[in-house]
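S.K.: Below are the chains, spelled out letter by letter.
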Amino acid sequence: MSDQPTASRQKYIPTIGIECHVQLKTKTKLFSGANNDAREAEPNTTVSPICFGLPGTLPVLNKEAVRLAVRAGLALGASINRVSRFERKHYFYPDLPKGYQISQLAEPTVGPGVVTIRLGDGSEKSVRIHHAHIEEDAGKLTHPSGADYSLVDLNRAGTPLIEIVSEPDMHSSEEAKVYAQELYLLMTYAGVTHGDLYHGNMRFDVNVSVAKEGEPLGTRTETKNLNSFKAVERAVEFEIARQTKLLEKGEKIVQETRGWNEDRQQTFSQRSKENAHDYRYFPDADLPPIYLDDAFVDEVRSELPALPGVYRAAFKELGLDGSVVQSLLARRTYADMILDLQQVHGKQTATRAAHWLSSVVSDEVLVDTSSLTTETLAELSAMVEVNELSSTAAKEVLVEVVEHGGSPRAIAEQKNLLQVSDEGAVASVVDEVLANPANAKAVSDVKAGNDKVIGFLVGQVMKKSAGKANPALTQKIIREKLI
Amino acid sequence: MSSISIDDVKKLAGLSALMVTDSEAAALVEQLNEILGFVEQLNDVDTTGVEPTYQVTGLENVWREDELIDYNLSREALLKNAPDSQDGQIKVKRVLT
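Read top to bottom, the protein sequences are chains A and B. Position in the first sequence (first residue = 1) + 342 = the numbering used here. Read in the numbering used here, the second sequence has 89 at position 92, and its numbers run on one by one without any break.
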């Protein structure tokens, strides 16, 4: 077989699809009026007989959950199904007291959509959404160490979720991570979820398979319950490497559910019961179908807040780097401030502030920026504009304002950061520098027409004035004196 | 006509977390096949153009506003229905790990 060697050297192409559970920010649960916020609550205190699955109880749908699901659908550029239904998904596990989860299968509320992702190299890519369905969350199990029992807390049981199911359109760990980040932006900007990743408000399941180019998709594994973008990226990376290695050794991939070990940065096989996926779905007769008319969908659309796309379009005019835009979007208050500045104070002010904020975000210098206002940013920008502050000094002032409050001008004065633009004062420093014998060579070079050396002399003046001399003014004075 | 085998019964019992002895399974095969045969009659009806019936109440959009309801029930009362409890939680046989 002559093509055998070539075939085995052919690269394996990964294919990735992602399911994302998003916790909806309703006050009450999906089918009961129990409190949906259990973050600080004692176990089994935000519950009702419905959450406990007691006999004789009837679920009643939370209208707000439907509104939020439709809103999510619109943010995903998806079609909204005018008829949708709930079905029962059956499995036995102690975190599910009814013995079934109320979910949607054949007729979910949100139909196909598309999400555009932006990769590090500047390229864009579309990831198709297969559908998104509404379902209830299960309870929480804890396994006290050493004990022969587990404990069940049903506070989370019945919390409304939507599960966003992508098509297998991603082909690298970067694409998977960026897709997860984009979903996070879309869902938080749309106001669908609180987006608290630490508390599991968004959880990702990644389906990964590898196959040689041109061949049918390989056997996939599903790594469940990833709650950070980094974990999504790493888990996909790990699965691609693990599966490729197995196939290269001539072994087979087992279709299975896997977990993620954060400490070891590895996926591991979760023994799932045989036939565990035989969920025996059937329509839930306790819940009448949802019929949504144009008026309902239009009303939700009219309430839809500005999505990341609106900000991206506006920021395009500022000529910002993709990474700067991304870091601003990651903190919505920042993105809002820049948009504000752009509209009120113009492009230049907004661009300047965008760079300050994005470097502050990426350095994570500031944790609590609640005291930061657009007025502060505008004032700082104006000071830079008239050469009172260097851009670097402005950032220093910014950090101080946010951490300790106060006006930018007062802080600049107090920290002795104001640039000297008084011509006489700068001129006297210039005189000193030009008279210094150490600079004699540079001075004669400039006189001889070597213009580049002026920069060196400006640097000396800056140094002598502790960075406060206005560089443009300094250069002008040096020119006047030497040329 | 489809029929149910003893393996089907055992699989269903497993999925439903039910203990079924061999003799019970054999009896269930017979009973389930009778039920299936009865339901099979529906296949004789021409349902062309008839929409599936998911429910017979004719209700739609039965929903409530997103407001807290006080169920006036203590945790202790709810936990009374569980076979065992500890520290305000339901105690079950250890699962996983």
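Please note: incorrect hints may appear among the correct ones.
With a straight-line Cα cutoff of 20 Å, these simulated SDA-like cross-link-like pairs (lysine to any residue) come out [claimed, not checked]:
no.	chain 1	residue 1	chain 2	residue 2
1	B	LYS77	A	PRO391
2	B	LYS8	A	TYR621
3	B	LYS90	A	SER492
4	B	LYS77	A	TYR621
5	A	LYS440	B	GLY11
6	A	LYS440	B	LEU15
7	A	LYS405	B	LEU15
These stretches of chain A come out as covered by chain B in the derived footprint (C-beta under 8 Å, 3 or more residues) [unchecked claim]:
no.	segment
8	493 to 502
9	620 to 628
Calculated from the structure, these hints are not laboratory results. No experiment lies behind these values; they were computed from the predicted model shown. Just so you know, even glycine gets a beta-carbon here, dropped at the ideal spot from N, CA and C.
S.K.: Against which earlier hints does the structure fall short, listed by number upward?
M.R.: Per hint list: 4, 7 violated.
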